[in-house]
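As a plain string of letters, each chain reads:
There are 2 protein chains.
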Amino acid sequence: MSSSPSYQKLRARFREAALLRSTEGVLGWDQETGLPPKAVGWRAEQMSHLSGLVHRLTTGREIGEWLGECEVAGFAGESTEGVNVRGWRREYDRATKLPAALVEEFSLTTSAGMHAWAEARKVSDFSAFRPVLEKLVRLCQEKADHYGWTTCRYDALMDIYEPGARSADIGALFSELGPEVAGLIGPAMEKAAAQPENLLAGHYPVAAQQAFNREVAAAVGFDFEAGRIDTTTHPFCTGLGPGDTRLTTRYDESDLFGSLYGVLHEAGHGLYDQGLRAEEWGLPAGDAVSLGIHESQSRLWENHIGGSDAFWEHWYPRACHHFPGLTKFTPSQIAAAARRVSPSFIRVEADEVTYDQHIILRFELERGLINGDLAVKDVPEAWNARFKELLGLTVPDDARGCLQDIHWSMGSLGYFSTYTLGNLNASQLMKAVRAAHPGLDGELASGKYSTLLGWLRKNVQELGQTLDPPELMRRATGETTNAKHHLEYLRGKFL
Amino acid sequence: MSSSPSYQKLRARFREAALLRSTEGVLGWDQETGLPPKAVGWRAEQMSHLSGLVHRLTTGREIGEWLGECEVAGFAGESTEGVNVRGWRREYDRATKLPAALVEEFSLTTSAGMHAWAEARKVSDFSAFRPVLEKLVRLCQEKADHYGWTTCRYDALMDIYEPGARSADIGALFSELGPEVAGLIGPAMEKAAAQPENLLAGHYPVAAQQAFNREVAAAVGFDFEAGRIDTTTHPFCTGLGPGDTRLTTRYDESDLFGSLYGVLHEAGHGLYDQGLRAEEWGLPAGDAVSLGIHESQSRLWENHIGGSDAFWEHWYPRACHHFPGLTKFTPSQIAAAARRVSPSFIRVEADEVTYDQHIILRFELERGLINGDLAVKDVPEAWNARFKELLGLTVPDDARGCLQDIHWSMGSLGYFSTYTLGNLNASQLMKAVRAAHPGLDGELASGKYSTLLGWLRKNVQELGQTLDPPELMRRATGETTNAKHHLEYLRGKFL
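As you go down the protein sequences, you meet chains A and B in turn.
Sequential numbering of the first sequence, starting at 239, is according to our numbering.
Sequential numbering of the second sequence, starting at 239, is according to our numbering.
Hints were generated in silico from the structure; no laboratory data involved.
Be aware that a few hints might be false.
Chain copies aren't distinguished; within one or between two, either way the pair holds.
As the list claims (entries may be wrong) - Distance condition first, Cα-Cα at most 20 Å in a straight line; then the derived DMTMM-like pairs of lysine to aspartate or glutamate:
id, residue 1, residue 2
1, Lys276, Glu463
2, Lys373, Glu343
3, Lys247, Glu283
4, Lys276, Glu518
5, Lys626, Glu418
6, Lys731, Asp679
7, Lys276, Glu700
8, Lys276, Glu517
9, Lys615, Glu587
What you are looking at is a predicted structure, and each value in this text was computed from that prediction instead of being measured.
All chains, please: the whole structure from these sequences, using the hints.
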């Protein structure tokens, strides 16, 4: 069956696309890590040329024919061939369902949108962004209609980032989560206040941070023979091929935690990447399944592992070796200092408890915009009202309110909820692996991470796109994604 | 005329090839500077895929038709269009004149050749390399015959690297140079012996070397907004697009000079690259003309500028700032220490005086091999005999003799002479710019390099491939390349 000529043609074609996409990935990584300023224009031309080549390779009519032949032949749903054919179909449909005129208008409008958004944010005036956002919402609605949907138009956009996600399910999940988290904030702040703020204020030299981060990343299983860590303004993780996973972080010498938790977060993404099947790399069977699953891996290592008392108990001697000033504190003081809780206006600066409230707000507004229940002109008012309910703060201006994120200006509606899905999935996966391995906490306390990583490899990473996210979670944890385990985790950690 | 449809099609096609070639360049740079070891296989596939795309783009039959149309129309020889059409013709003919079977056999044989060479060198046994070298020589002869030649088959191979070079001219030049240099070696060594060896032995930290190198590179005109310096095992310079020129060097903390002169050498190449016409980048009118001219730029900055007394007079305070131990010495002691002269077996470790003797030897042997005057089996004997004449030393074994270079195993016969052409051209260009600017030495003594660079930009760099190397040298210096000025320079510097 795997020698079906149509399947072999598809595989060869999409492998070629993977070579070119990963080449574009190298150009992108290089652009962020050290491109000379005067090279920006040429680099943009190189990347756009590769994008064009990939688009032509992956949208030809012959692909539709090969896919049809494979679908008629029928591969077992969870076989490598079945997973690949299903993924290629998804990609091919997505790339060919939109009329060229819509793609072009979308691209022009997002260019204008990013410019208008940046200007509007500068002067904190939503009305300057409103016209282009109205157009972007309309174009996103058109996209959704071309992709197709059944009960809710917004589903078609969420599905881009999280296959199988339904607004009804996510909405119910978030309705449960929001009030519970709101009730947690006060007590968690009260508990955090027991320790003086800025207890760890001091000087943490970059070289020492780099050395410590590297030790920790290697210990959790990041393979430095198959990856590296560099420095950028905005941290990210990028997979550039089998055996080539690159993380970045940034350094602040007055902050012990920023680069470390940045590295643990990105290393979580990187471990997923390094756990994918190398021989299917860049094909659906060897590719990550969704953003919500990807984010579960990063949040798990960042928060559940790195943010635990056990972590600091174990790493205390090495941390003191790199930062001798830390000997003044106990491991649990350090761990407590990392558990800051304080509602604030800006999502990307939010702590672990309040972060999901920012996401719930955006999910609700986006769904309203796309489904036609909320007009663009009413966004600031709706934002500010809901922000007060979710986080208890009065938004002072649009720059610290509905103008803070770049996503809408790029037309990326449907994306935000995956951040919270990641948090919920992380807690749920940790619950399941603890149940499967009763000795796990003892291992984690002694810095042994291989059982945890092995379980994630088997139950998440090596599956690629074999299962859609709800089914992946059901098989791995016995339930689809829900809020219960995350709330339990937050209460245990912050109360 | 420039709106000729055929010309526009060619320009678009070769610009696309330039985008892809420079993308392959980024992959190559990344491979040398920091590719994770486990990514080597995927990287090779990415690069070979891009090579294939470029090959298909630049060898289609339609290119021959467009070229024919442009040649019939006729562009002025030194117009941008004329230069580009001539360069594309050269490239197209070279890419299409060889039968596919020969290209494939050549590629297979060089893979085998590099392996056999490495093994043979390890045990210092030429006979293990001999069979594959015999085959490579035969294939090179076939290539030369396909390319075409008139009086000497070896010309067809030299022309790949140095357009317009003829063995008769180079042979005459080298016959003059060799005995003169041989006569210089003894007296130069005697003079160098006046200063104790290893006078500057000490510790030169990498960070201080990097800071000093960067100051010097910026001062001679290397634009760090359009380039960077990284660390690799083997130093190189690569142009990755207009505004993106990257140098590399290596560091030895016991050696003051290695990384500095490495940077000056590569910055010389880099200044050429940064001086090319940006709007024609990657096309013949915006590309370097030959290896012999490229090497003239690197050797000029490395030896004529960096190796001068004036350089160390000027840079002494900054050097002492970065390396406080240097205050024990005078600037002229430092300059003298950089002028080491000592015949040795290995070309890549040779000093400035003896280096060309190594090249002359290789040129003579290669010419003999390709023209059929020397059998491969006789190479070691011929090598050792001629080495004795040129450098006065008895070669102890093949590893330190005819097995030391990788070039032959790669089938790169015809390449070596460009190193010496670079040395001769550098001296000749310096003579000419001094004549054009009588105040130049005063400027150089005070660390002002802009007049020199401006003259090189105008007379060499901005021309791209407008003139072939002999004509470029004639217009810039009044004479084609000859040995006189270089000998004068060596005598002035080393006697």
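Next item on the list: Up to 20 Å between alpha-carbons, please classify Lys247 paired with Glu283: within, between, both or neither.
Entry: Cα proximity of Lys247 and Glu283: across copies only (18 Å, versus 29 Å in one copy).
Note to self: At most 20 Å between CA atoms: does that hold for Lys626 and Glu418 within a copy, between copies, both, or neither?
What the structure shows: within (15 Å within a copy, 89 Å between copies)
Note to self: Within, between, both or neither: how does the pair Lys615, Glu587 come out at a Cα-Cα threshold of 20 Å?
What the structure shows: neither (27 Å within a copy, 73 Å between copies)
Note to self: At most 20 Å between CA atoms: does that hold for Lys373 and Glu343 within a copy, between copies, both, or neither?
What the structure shows: Classified as within; 10 Å inside a copy, 59 Å across copies.
Item checked: Within, between, both or neither: Lys276, Glu463 at alpha-carbon 20 Å -> between (32 Å within a copy, 6 Å between copies)
Margin query: Within, between, both or neither: how does the pair Lys276, Glu517 come out at a Cα-Cα threshold of 20 Å?
Written below: between (38 Å within a copy, 13 Å between copies)
Note to self: If the cut is 20 Å between Cα atoms, do Lys276 and Glu518 qualify within a copy, between copies, both or neither?
What the structure shows: between (37 Å within a copy, 16 Å between copies)
Notebook entry, point to check: Using 20 Å as the alpha-carbon threshold, which applies to Lys276 and Glu700: within, between, both, or neither?
Noted result: between (41 Å within a copy, 18 Å between copies)
Notebook entry, point to check: Within a copy, between copies, both or neither: where do Lys731 and Asp679 come within 20 Å Cα-Cα?
Noted result: Cα proximity of Lys731 and Asp679: one copy only (15 Å, versus 72 Å across).
In terms of the numbered hints stated before, the structure departs from hint 9 and from no other.
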